[in-house]
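Protein chains: 2
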Amino acid sequence: MKKEVYARRVNEAARLMKESGMDVILLTKPSNMAYLTGDGRLCAYAMITKEGHVGMGVPKTDVEDVRQLAAFDEIVGFEDEVGMIHSIAHYFKHFGIESGTMGLENTFLTQSMMGMLTHPHAKPETVTTKDCTAIMSALRIVKDDEEIDHIRTAGLVAVKGMSAAIEAVKAGMTESQVAGEAEYAMRAAGAEEFWRTYVSSGPRTNIAHGLPTNRKLQEGDLVMIDIHPIVNGYSADVCRTVCVGSATSEQQAAYDLYLKALRATIAKVRAGSAIVDLDDTLHNVIKEAGHGEHLFGPTIHGVGIDFEEAPLPPGHAFFHGEKAPAPLKKGVVIAIGNCGLYIGPWGVRIEDTVVVQEETALAVTDYPYSLT
Amino acid sequence: MKKEVYARRVNEAARLMKESGMDVILLTKPSNMAYLTGDGRLCAYAMITKEGHVGMGVPKTDVEDVRQLAAFDEIVGFEDEVGMIHSIAHYFKHFGIESGTMGLENTFLTQSMMGMLTHPHAKPETVTTKDCTAIMSALRIVKDDEEIDHIRTAGLVAVKGMSAAIEAVKAGMTESQVAGEAEYAMRAAGAEEFWRTYVSSGPRTNIAHGLPTNRKLQEGDLVMIDIHPIVNGYSADVCRTVCVGSATSEQQAAYDLYLKALRATIAKVRAGSAIVDLDDTLHNVIKEAGHGEHLFGPTIHGVGIDFEEAPLPPGHAFFHGEKAPAPLKKGVVIAIGNCGLYIGPWGVRIEDTVVVQEETALAVTDYPYSLT
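Heads up: the sequence lines are chains A and B, in that order. Per this note's numbering, the first sequence starts with residue 40, numbered consecutively. Per this note's numbering, the second sequence starts with residue 40, numbered consecutively.
The hints are simulated quantities; they were obtained by calculation from the structure and are not laboratory data. Nothing false has been slipped in among the hints.
You can't tell identical chains apart in this list, so a pair holds if it fits in one copy or across any two.
Mimicking DSS-like on lysine-lysine, the simulated pairs with C-alpha atoms at most 25 Å apart in a straight line are: (1) Lys255 - Lys199; (2) Lys41 - Lys255; (3) Lys99 - Lys326; (4) Lys307 - Lys362; (5) Lys42 - Lys99; (6) Lys57 - Lys68; (7) Lys169 - Lys57.
Go ahead and model the full structure; you've got the sequences and the hints to work with.
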């Protein structure tokens, strides 16, 4: 992306900071850093002032690499944790910030990271802190055309990954090997990275977060595959459930029901839709079929640089430092179908990423729906 | 592992808790939960009392799965974050804890997770908190025979991954595709999971944490490959640097120097060795060759359920809530070669995992050393 894009984003960040009574924000979450500067990496930070100045701190080995990738006013390289702390102090002095309020990413920072960023040798004692999670989400929630292009490209790569995984599903394969097929295909198709792959099978399709194990697929098993490639720094999120061999009529009915609920929900997506209404739509289709109590987990989440980001459903949002979501705007990207339907000693789940448009939803992950 | 193993570990945890003035610990870090109960997963917790009682809380979908994998006294399933908070309150009541001190994982918990675990509806106001990171590390630092077997198995899988990656190194391949070869081979060889794969090439071998990109390998590039499979819940850590085609004499000299330093360090590993001395050994070989200022990053870290865990070097340890490391005991597992030697517009790094034995180091990741 062009330098102007980052300049515009930083200006918008500065505006929101002033609105929220923050004089400076100190970012360490890679996705937030990437959004405002063009580069996000661990063990690094970006300090943004309400005047729109950007100072970055990175391991001294990384200065040249970051210089080529990121837009900033200043960069310093540090040797270790002590150096990082001192470099933060340097920026406070350099930007002339002796008091005021600093925004920090409470949903990302561990207690020990927080200890470093607010260390007496880093932050002036007179600078207080507050959470800036909601500001960063507000900035990132509506995607511009270039971001949507990247997410759609990630969607194409996700489809290739899903295709490879489903092709590999047969009795005797391990969950881990199925995951491997998806990952290998995604890297071959241009993913520079991916978020953790979920593959669960048989009774394990019942659990909330089915990371792969060495369980071997058996005839009649359901297999749940959830993948999230990263391409050009942006993600897509897709989940499919398939059966090893032929499905029972109960499994097929559960699948058909989930698909009906998903389609009804996607059909309601447009600018102005409320997340709670979409959530209700999916839940109501399942409830009307008598399976309300078999549904578990939030239905929807946002997708962007992170594969799970704002908007989040209201309850979830509160505990993740987010504001309750406003009506969806054009250009917001969401994954629908994050909840599981757990009926038997197995579960089904189908999830797709879509872009909110004026009157409709644009499919990002366009992979066929078929249990068998 | 057998139930008795977890009972013994919980008893030892209870002993350390009493020594450190803690009445209860509340764990959410998967590796810590796995060590004491046999199961570790996200969005779940284990509460351990100083009497050695274990209460687990998991998503309600996961109760049956965890029941089969973990050893505990009580388990509750919750619906969402509010349910999680209430289930914690239930355990405080159930275990009769109205006051005292609760240990929490400060190096793992984000501000928002901390907010949930210490929410007024979860924790009695009269219960204070402190960091239990060092207790968990003290418990986990010496590996028993079964753990060492698992780590050695992970080492064999790591070697297969490295072999596949290096075989794929040629001009035109992307860093991401090389990573894909390693990951695919590790899953095929029995890894249920892996930690993020690092592959960097050309000028990118200079950066501290070289996650793969779509950069295409070019003739004469150095390529740094760092992989960490998880097998039976345990990790191994191996890094190799190789050249696309023929290396320059400067590259070969840097490689030979690093290898000399690594070998000198491994030769000094035995029960009673101090991490700082091993660190000095590696550094001194490099310094004596005039490249002291080209070395970056800590030399050594522990390996176990996590691929980076205690022991950590003293400076690093402080910022990660760990105590400065004691002399190494038999059964501690470490990776040596975590630092990079950044001489030109490229870097080299060679890293191996070893088990500390009475008189020597046992190689876990036994892959040949060869730049070309």
